[in-house]
Amino acid sequence: MRRWPEIGGLGLPRAAAIFGLFFLYVWLRIDPRLIYHVQEPVFFRGGLFFAFFLGHPGGVTEYLSALFGQSYVVPWLGAFVITAVAVMICASTYVFLKAVEVSHAGFVSVIPATLLLILHNRYRYDLGYDLGLLLSLAGAALYASLPWRQPFARGLAFIALTVPIYWVAAGPYLLFCLAAATSEHLARRRVAAMGCVLAGAAVPWVATFSVFPGMVRDAYLHLLPVSGNHLVGEYAVIVAAVALCVYAPAAALAGAWRQARSEPTAVTKSQGTILIRISRDLTFLMVMAAPVYATFSGNYKTMMEVDYHARHKRWPQVLNEARQLTAYNVLTVYNVQRALSHLGRLSDEMFSYPHLANAPIFVPSPETPSSLLVLCDNLMELGHVNKAEHMAQEALEIYGDRPSILKRLVAINVLKGRPAAARVYLGLLEKTLLHREWAQRRLEELAVDPHLSENAELAKVRAHMVEANYPGFFTAEELLMQLLDRNPRNMMAFDFLMGHYLQTMQLDKIAGSIGRLNAFSDGLPPTPLPRLYEEAVMLYMTQGRVQLGVVPKVPLYGRQLSGNTLRRYSRFSEVLAANDGDAEGARHKLEASYRDTYWYYYFFGGTESGAPLISRATRPVK
Amino acid sequence: MRKLSLAILLALVGVATSCTTRAEVESDVGVGDRLPRIDPDPAGAVIPPNIAPLNFTVREPGNEYRVLVHGRAETSGIEIESDEPDIIIPSGQWRDLLAAHRGEEIRFDVHTRTAVGEWQRFAPIVVRVAPDSIDGYLVYRLLKPLYNKYVHIGIFQRHLESYQESPVLENRFADNACFNCHTFAQNQPDPMVLQTRSSHGLSMLIASEGEVTTVDTRTAFNKSPAAYTSWHPGGRHIGFSVNKVSLFFHTDPARETREVFDAGSDLAIYSVADNTLTTTLAIADPERAETWPEWSSDGRFLYFSSAPVTPIERFETVRYDLMRIAYDVDTGAWGKLETVLTAAETGRTVTQPKISPDGRWLVFTMADHGNFPIFSASADLYSMDLRDGGYRRLEINSAAAADSWHAWSSNGRWLVFSSKRRDGLFARPYFSYVDEQGTFHPPVLMPQEDPRFYDSFIKTYNVPVFVTGPVEVSQRDLARAIYAPSRPLAAQLDARVAAAIRKESDAAEVTEPYSSGTTR
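The listed protein sequences correspond, in order, to chains A and B. With the first letter of the first sequence counted as 1, position 246 gets the number 246 in the numbering used here; the numbers rise by one all the way through. With the first letter of the second sequence counted as 1, position 338 gets the number 960 in the numbering used here; the numbers rise by one all the way through.
Keep in mind that the hints were calculated from the coordinates and are not lab data. Model, not experiment: these values are computed from the prediction. Beta carbons: idealized from backbone N, C-alpha and C, even for Gly. Possibly wrong hints are sitting among the right ones.
Straight-line distance between alpha carbons at most 27 Å, and here's what the computed BS3-like set of lysine-lysine pairs gives [what the hints assert, rightly or not]:
hint, chain 1, residue 1, chain 2, residue 2
1, A, K301, A, K313
2, A, K509, A, K553
3, A, K431, B, K866
4, A, K301, A, K407
5, B, K771, A, K431
6, B, K845, B, K866
7, A, K431, A, K313
8, A, K407, B, K845
9, B, K976, A, K407
10, B, K958, B, K976
11, A, K407, B, K866
12, B, K1125, B, K958
13, B, K1081, B, K866
14, B, K958, A, K431
15, B, K976, B, K866
Some chain B residues near chain A, calculated using beta-carbon distances under 10 Å [what the hints assert, rightly or not]:
hint, residue
16, N770
17, V773
18, F795
19, D797
20, N809
21, Q810
22, D812
23, F870
24, S1096
25, Y1105
26, S1108
27, R1109
Covered stretches of chain A (in silico footprint by chain B; criterion: 3 or more residues with CB under 8 Å from a CB of chain B, positions within the stretch not fixed) [as the list claims (entries may be wrong)]:
hint, segment
28, 380 to 387
29, 397 to 407
Next up, chain A with everything else stripped away, as it sits in the complex (with noise of 0.2 Å):
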């Protein structure tokens, strides 16, 4: 019968069900085309691109690492990628713990898959961190592995190694150096251990003398799991990038202690009967996997779901995701509501989804960076052109030359009449690799009309473009108000105005807006009010009533108010008024009926509690 290879007792059939696991789990449960949404990596064909990073240690890997990004847009090939990365990586610990003749190594080596997925778990994380790291520690391998005992022979190839290493991946050099001295440690190399050291604190610091531009602390932690925005917030992720970076030393340690401490035996092989073994690995995966599990969030994910479904305007499937929702951020409630507005269902069903406590429907500032390219898409399908650039531009400063950002600044100046700066865009777009295609075919598209004129999209912001100059820093409110004026049939406008007005509790301004639903009637006789507009009204009408003891006349122009709303405001009211004083006691028992109501909203601020979640997609800006 034939036999497996054994690989450091783990065997053949093992390590493929454990990556294969690996694989469909960054596949089916992380989903790289969610990777490739939140990060975008940018890479460009050309030698421009390619020598922006060969002026700096780093560089290569950060260029292999956009490279190899672009697989993410297919999943099982962003997984593939990923997989084989993590593959190489163990591959190259395997190898390294042989060296140093640590048992078990097989089993040892596949620890690191593990880290590798707590920290894929996080979207954020940059493929970079991977590369790097398997080019030290393949490093480290084939130096442990090194034939020759002449310490001038090893000097030599160590400092052979230090210049790719460096120049490749900047700091994981400092792993290489630490696993290289591990390894002559053992070996009783004490003095070569010494030197390795040395190597890894000297290294850097020389580098910034002479090939690296940037900061000292840069030298050092470029590209090191231990560095970088993943980490922000996270200590299971900062526990995992540090254990990922010192795995392969620690491990040849650890093992070199074990057996120093236990009296050498003879390799026991299959031991235990089939049940016995299966429910050992079973143990072993159990162990693996749990920490994964632990440290993977469900509800962010659903929250980049939601974003993605929003940027490709999948609207339905936005608001099925936010259904899941446990918690969410700005982001979502911006992704959320404009959804609602593109199906008719805002002045409906706002309160049925996330939604933001007393604030209002949208900031237009740069200042929450997530939300920068959902405010452009917003302002610009409102009409509000500039204002869409201005988002745009932060976004592109921020996030870097993403295809999603620049397509938008296509868009956006050929309806601000500059087809030449599109183009500019476009040329760049057509040295991506994927957008290649679309770009082309804009251009030829521009060449024949450079205002684009057949185009839908561009035509519907047109029609309601804001041409008049309003300079200066204005709210929501006013930014709609101008919108309207600019066309008082944008519909998107006035849902976006009066959801303002309806989250922002101006009831007032509510029943004074009635009216500018009679701009959508094209003469037909007039639409019902939608619901939370006639929920709105009634409680202006009852608040006015109690305060100035007499109900305030609000113009409903020939609508009226349904039976049904009358009839559910009346219990509402009952149900508050014999609960007075027990705000909390009338909140338990209006919960099942009125939750998606605007007085449920109104008096209880809505069916969340608690503040919404910080986004985790948020970049620090410096």
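Dock chain B against the given chain A, drawing on the hints supplied.
For chain B alone, coordinates are given in the frame of chain A:
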């Protein structure tokens, strides 16, 4: 062996039939009377005799392209044949050609081969080679069209005789600091001054002889650090402005989205040798905003722009006058404030005065309003003859795009300026030859090795400045001065100004305010 011989024979036949001889082209052409569409198009320009090759792309349909670049004799020149429309001119031959034709015309004969195999010849593109060289290097800041946030900024230097570009300082290596307004004394690469803003401080860096000095220019007079600077020709004093600028936005899509408003600014002079800052009421008037300092080439006058301090609501009425004041850097004596050109006379705002090295020509920008011309499509370059004060709009301006950020070469024969004429959004550097009569000749776009470079380059060229040699101070030293500054040199206020400010703050009634207060 026979097969090999056959293959070689076939290959030779193939080469022979695919090669296009000049005779074939000549015999097969239909001579056109129109110029070919090429990009960048240098037609009519006067070019420096030491500029890198003007590579270009032929925007005419064709399967093959042939370009002959020649001077007096059509028989001797550079012949380029290509299957692609990108025409790359060999550097060595180009250099020789320009050297042999200083002060003369050279021509680009463009031929294209159409789909049916016919050669088409266009009217020749004629450019003139100037007799005077351009400085070897251009230093500029590259950035995207920025709004509130900045992440990637870099100052670069370009060798104009080749295409070599190298960073002077990129902020990705300097803790993402912001820096601006690199300034040189009389086009020499050393010393250089630039302003920086980062979490480590607001400093002025003076790079001189390999050393970088960090200066905190804030004093009791000015709470804001230096902004726009101008080196005195003596190289020991820096005139600078302190500004209170803010960005605001327009909604009309036909306009530039951004606009810079200066709520109040003053001028001061920093003595590098004494680490002392001085000013006078005439250039720090609280009722006026003084900015854009520029020393006259003899160093006797400080020219600047000045406008009444105006609330932001009336931003469209802000128009700057051009002023000057005499100052003796040796004695510290101020002269009288003089008006050179008023906004009332021009009806426009006058900014960015730049004086030619011979002291005769003053080139400035005029726009509809405001102080930041590069954001205004109405911004155009004007030239004033300082002998008689006459001024005129330059012919080198574009019709409807900003032309601004100009600077003189060391020999006063070249003017570089940034223009958005190609697309209305991205500023690109153009070089215009200025002859002894003060005629500004049609400009040429700074050439790039890749003729399509500008078609996909989404950064803008900001503050282009000529220097005679490369900036030698290392990026590392500049970056370190930003992110790990040794204790910055705190600029000291001139005793007379300090006393006046003390008097001002002590007095119940302010009698002689030394700043508008906005910059304190």
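Right, here's what the structure says about each hint:
1. A/K301 / A/K313: Answer holds: A/K301 to A/K313 is near 18 Å, not above 27 Å.
2. A/K509 / A/K553: Roughly 13 Å separates the two Cα atoms, so the pair holds.
3. A/K431 / B/K866: violated (41 Å)
4. A/K301 / A/K407: The hint holds at about 25 Å.
5. B/K771 / A/K431: holds (26 Å)
6. B/K845 / B/K866: Roughly 10 Å separates the two Cα atoms, so the pair holds.
7. A/K431 / A/K313: holds (25 Å)
8. A/K407 / B/K845: Measuring from Cα to Cα gives roughly 42 Å; hence the hint is violated.
9. B/K976 / A/K407: At roughly 39 Å apart (the allowed maximum being 27 Å), A/K407 and B/K976 break the hint.
10. B/K958 / B/K976: It holds: about 21 Å lies between the C-alpha atoms, which stays within 27 Å.
11. A/K407 / B/K866: violated (35 Å)
12. B/K1125 / B/K958: holds (23 Å)
13. B/K1081 / B/K866: Answer holds: B/K1081 to B/K866 is near 26 Å, not above 27 Å.
14. B/K958 / A/K431: violated (58 Å)
15. B/K976 / B/K866: At roughly 22 Å apart (the allowed maximum being 27 Å), B/K866 and B/K976 satisfy the hint.
16. N770: Check passed: Cβ of B/N770 comes within 5 Å of chain A, closer than 10 Å.
17. V773: This hint holds: B/V773 lies near chain A, its Cβ roughly 5 Å from the closest one there, short of 10 Å.
18. F795: The hint holds - B/F795 has a Cβ within 10 Å of chain A, the shortest such distance being about 4 Å.
19. D797: Holds, about 6 Å.
20. N809: Since the shortest Cβ distance to chain A is 26 Å, the answer is violated.
21. Q810: violated (24 Å)
22. D812: It is violated, given that the least Cβ distance between B/D812 and chain A is near 20 Å, above 10 Å.
23. F870: Cβ of B/F870 sits 6 Å from chain A, so the hint holds.
24. S1096: holds (8 Å)
25. Y1105: holds (5 Å)
26. S1108: violated (15 Å)
27. R1109: violated (19 Å)
28. 380 to 387: Since three or more residues must qualify, the claim that chain B covers the segment 380 to 387 of chain A holds, with 4 doing so at under 8 Å.
29. 397 to 407: Held - the segment 397 to 407 of chain A has 5 residues with a Cβ nearer than 8 Å to chain B, which meets the minimum of three.
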